[in-house]
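S.K.: Sequences listed follow chains A and B, in order.
Mapping of the first sequence onto our numbering: position 47 corresponds to residue 47, and the numbering continues sequentially without gaps.
Mapping of the second sequence onto our numbering: position 28 corresponds to residue 1028, and the numbering continues sequentially without gaps.
No wet-lab data here; the hints were simulated from the structure.
As the structure is a prediction and not an experimental result, all values here were calculated from the model.
Each hint should be verified, as a subset may be incorrect.
Quick look at which bits of chain B chain A covers, simulated, 3 or more residues with Cβ under 8 Å [as the list claims (entries may be wrong)]:
hint, stretch
1, 1009–1018
2, 1070–1081
3, 1146–1155
Just some of the chain A residues that point at chain B, by a computed CB distance under 10 Å [claimed, not checked]:
hint, residue
4, Q16
5, H17
6, N41
7, A50
8, P57
9, F94
10, L96
11, D103
12, F108
13, E110
14, F140
The C-beta atom is built at its ideal place from N, Cα and C for all residues, glycine as well.
As a plain string of letters, each chain reads:
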Amino acid sequence: MSDLPPDVEAKIGVIQHEEEGGFPVERGYIWTSCASVENGNPLFWDEAVASEVTGGPIAPPTMLSVWFRPHHWSPDRTEPALPLQVHFDLKERFELPEAVMTDNTIVFHEPVRPGDRIRSRQVLRSVSEPKTTKLGTGRFWVIDVEYLNQHDELVGVESYTGFGYRRGSDGG
Amino acid sequence: MVADTDSITLGGVSEGDELPVLSYDVSATTIVLGALASRDWRPMHHDYDFAVNRNGIRDIFMNTPNQAAWFERYVTDWTGPKGRLGRMTFRMKGSVFPKDTMTISGRVSGTEIDDTGCGWADLDIELSVDGDTKTSCQARVAVPTSSDDNPWTRRGDHWQP
Chain A
1 MSDLPPDVEA
11 KIGVIQHEEE
21 GGFPVERGYI
31 WTSCASVENG
41 NPLFWDEAVA
51 SEVTGGPIAP
61 PTMLSVWFRP
71 HHWSPDRTEP
81 ALPLQVHFDL
91 KERFELPEAV
101 MTDNTIVFHE
111 PVRPGDRIRS
121 RQVLRSVSEP
131 KTTKLGTGRF
141 WVIDVEYLNQ
151 HDELVGVESY
161 TGFGYRRGSD
171 GG
Chain B
1001 MVADTDSITL
1011 GGVSEGDELP
1021 VLSYDVSATT
1031 IVLGALASRD
1041 WRPMHHDYDF
1051 AVNRNGIRDI
1061 FMNTPNQAAW
1071 FERYVTDWTG
1081 PKGRLGRMTF
1091 RMKGSVFPKD
1101 TMTISGRVSG
1111 TEIDDTGCGW
1121 ADLDIELSVD
1131 GDTKTSCQAR
1141 VAVPTSSDDN
1151 PWTRRGDHWQ
1161 P
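One chain only, chain A, in its complex shape (with noise of 0.2 Å):
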């Protein structure tokens, strides 16, 4: 039987925080991309290595959360934004101060284009029972973030595990 607070068991497997990308995918953040990797993939300098190759051009896959970082200001906003809120939302919820992201798979389905609307969504998969590590005592999730594009077709899914812990004390 689960340990899990009700309020948190409610909301495995349920969609939480849609949204849609602060602009569209542009071609400058992608150069900017390619540049800092030395990414010579000429899908991504050469229009026509793109255009027999993708139909035109794409995204590096990998850029897929990109798209989604918030500004680190806006003018209707006061406080920074924070991606992957779920993770945010499990660390006070369980009062935990300490996190970090263990593992990440990513998953890559349609490609992404300049010009693309991407929308995400994020879903919590799993919540462990308190558990100690050398970092202290806390709990890991799973948490889905999924990306779709504007023709709702899925570009995308990241799965991130995360702990959530307190140094040295009862992990809640």
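Given chain A, work out where chain B should sit, using these hints.
M.R.: This is chain B only, laid out in the frame that chain A set:
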């Protein structure tokens, strides 16, 4: 003009094949550029004082999305542009700091053609510094089964990553 789309094909890939090693001297610019390119504004990836005096670590360090970009580059340097990533799993074991020389190495752990006819190579990849693994990555990448195959044309039920 004919586009240069040279890519490996599945027939040329075997379990146990080693991918070419990529070695790169990491600087503070590498870390900061990678963090900002991935829109990660958190201070431990650009603010030395925060990293050392608040987080208690030795320096700013490379963020996860930028490591993903390094792994993608590493895989597609090997496959060519027709290589299409299906999935990646990372496990972080340590951090990459300025002045580290990071080494990315990889090995083919298996190949298959799935029920839809898509060819796949499974890869075990390690990012290490001075022989210590900092991040391990399992990647599954679709590669053409012949010179006229192109995994990027697969959609819907014909793409099972």
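S.K.: Compare the structure with the hints numbered earlier in the document and write down the numbers of the violated ones, lowest to highest.
M.R.: 1, 4, 5, 8, 9, 10, 14
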